[in-house]
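Q: Sequence:
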Amino acid sequence: MSVKFTTVQRRNPQELLAPEKFYASAIGDGEVGIEKLSRMISEQCTVTEADCLAVLASLEKQMVNQLEEGRIVRLGRIGSFQIGVSSLGMDTPEEVTSNSIIKSRVLFRPAQNIKNLLKTLRYHKAA
Numbered sequence: 432m433s434v435k436f437t438t439v440q441r442r443n444p445q446e447l448l449a450p451e452k453f454y455a456s457a458i459g460d461g462e463v464g465i466e467k468l469s470r471m472i473s474e475q476c477t478v479t480e481a482d483c484l485a486v487l488a489s490l491e492k493q494m495v496n497q498l499e500e501g502r503i504v505r506l507g508r509i510g511s512f513q514i515g516v517s518s519l520g521m522d523t524p525e526e527v528t529s530n531s532i533i534k535s536r537v538l539f540r541p542a543q544n545i546k547n548l549l550k551t552l553r554y555h556k557a558a
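Sequential numbering from 432 applies to the sequence shown in my numbering.
These are computed hints drawn from the structure, not numbers from a lab.
Computed from a prediction, not measured in an experiment: that's the story for all the values here.
Among the hints, erroneous ones may be present.
If you anchor each label on the Cβ, the simulated ranges turn out as follows [claimed, not checked]:
| no. | residue 1 | residue 2 | range |
| --- | --- | --- | --- |
| 1 | Leu498 | Met471 | 39 to 49 Å |
| 2 | Ala457 | Asn544 | 36 to 46 Å |
| 3 | Thr523 | Arg553 | 20 to 30 Å |
| 4 | Arg442 | Ile514 | 24 to 34 Å |
| 5 | Gln475 | Pro524 | 22 to 32 Å |
Listed below are the simulated BS3-like cross-link pairs for lysine-lysine, each with C-alpha atoms no more than 25 Å apart in a straight line [to be verified]:
| no. | residue 1 | residue 2 |
| --- | --- | --- |
| 6 | Lys556 | Lys452 |
| 7 | Lys492 | Lys452 |
| 8 | Lys452 | Lys534 |
| 9 | Lys546 | Lys435 |
| 10 | Lys467 | Lys452 |
| 11 | Lys550 | Lys534 |
| 12 | Lys534 | Lys556 |
| 13 | Lys534 | Lys435 |
| 14 | Lys492 | Lys550 |
Ideal Cβ positions, reconstructed from N, Cα and C, are used throughout, including at glycine.
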C-alpha cells in the first residue's frame with residue numbers, strides 16, 4: 432500500500448515576495464470510524480465487537496477527562512496526547528495570565544513504531 436498525494440501551489444511564508452512553488456500534499460483515501468475499528472479488532476482476537484466498542488468509547492471519554500485535567504495521556508505503542516497552548520507575548524512574567532492564552536490544541540507525539548512507519552512509507556500521485 433501507499434499514501435496518495437496531490438500537488439498544490441503555495442507561497443513560502445518565510446519569503447512572501449518569492450514566487451509560489453509546487454509542493455506535495457498527502458490526501459486521505461477514505462476513513463475508518465470507531466465502529467469499523469471495533470469490528471476489525473474483534474476479528475483479530477477473542478473480544479467481541481461490542482466489547483471493543485465499549486472499551487474504545489470509554490477510552491475516548493477518559494482521554495477527554497484526563498486532558499481536561501492537564502495530564503499527558505500515554506497510549507503505549509501508539510503515542511501520547513497533551514494539551515498545548517498559544518498565547519500573546521507579554522513584557523513581564525507577571526503580565527502572563529490565563530487571559531493571555533488565545534488558542535489551545537491537542538499535541539500528538541507518536542511512539543517509536545509509528546515513527547518507524549513514517550520512515551518506510553511509499554507514495555503515489557493521485558490521478
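Q: For each hint, tell me whether it holds in the structure or not.
A: Verification of the supplied hints:
| no. | hint | verdict |
| --- | --- | --- |
| 1 | Leu498 to Met471: 39 to 49 Å | 26 Å, violated |
| 2 | Ala457 to Asn544: 36 to 46 Å | 20 Å, violated |
| 3 | Thr523 to Arg553: 20 to 30 Å | 51 Å, violated |
| 4 | Arg442 to Ile514: 24 to 34 Å | 31 Å, holds |
| 5 | Gln475 to Pro524: 22 to 32 Å | 51 Å, violated |
| 6 | Lys556 to Lys452 | 17 Å, holds |
| 7 | Lys492 to Lys452 | 43 Å, violated |
| 8 | Lys452 to Lys534 | 30 Å, violated |
| 9 | Lys546 to Lys435 | 19 Å, holds |
| 10 | Lys467 to Lys452 | 39 Å, violated |
| 11 | Lys550 to Lys534 | 31 Å, violated |
| 12 | Lys534 to Lys556 | 34 Å, violated |
| 13 | Lys534 to Lys435 | 31 Å, violated |
| 14 | Lys492 to Lys550 | 32 Å, violated |
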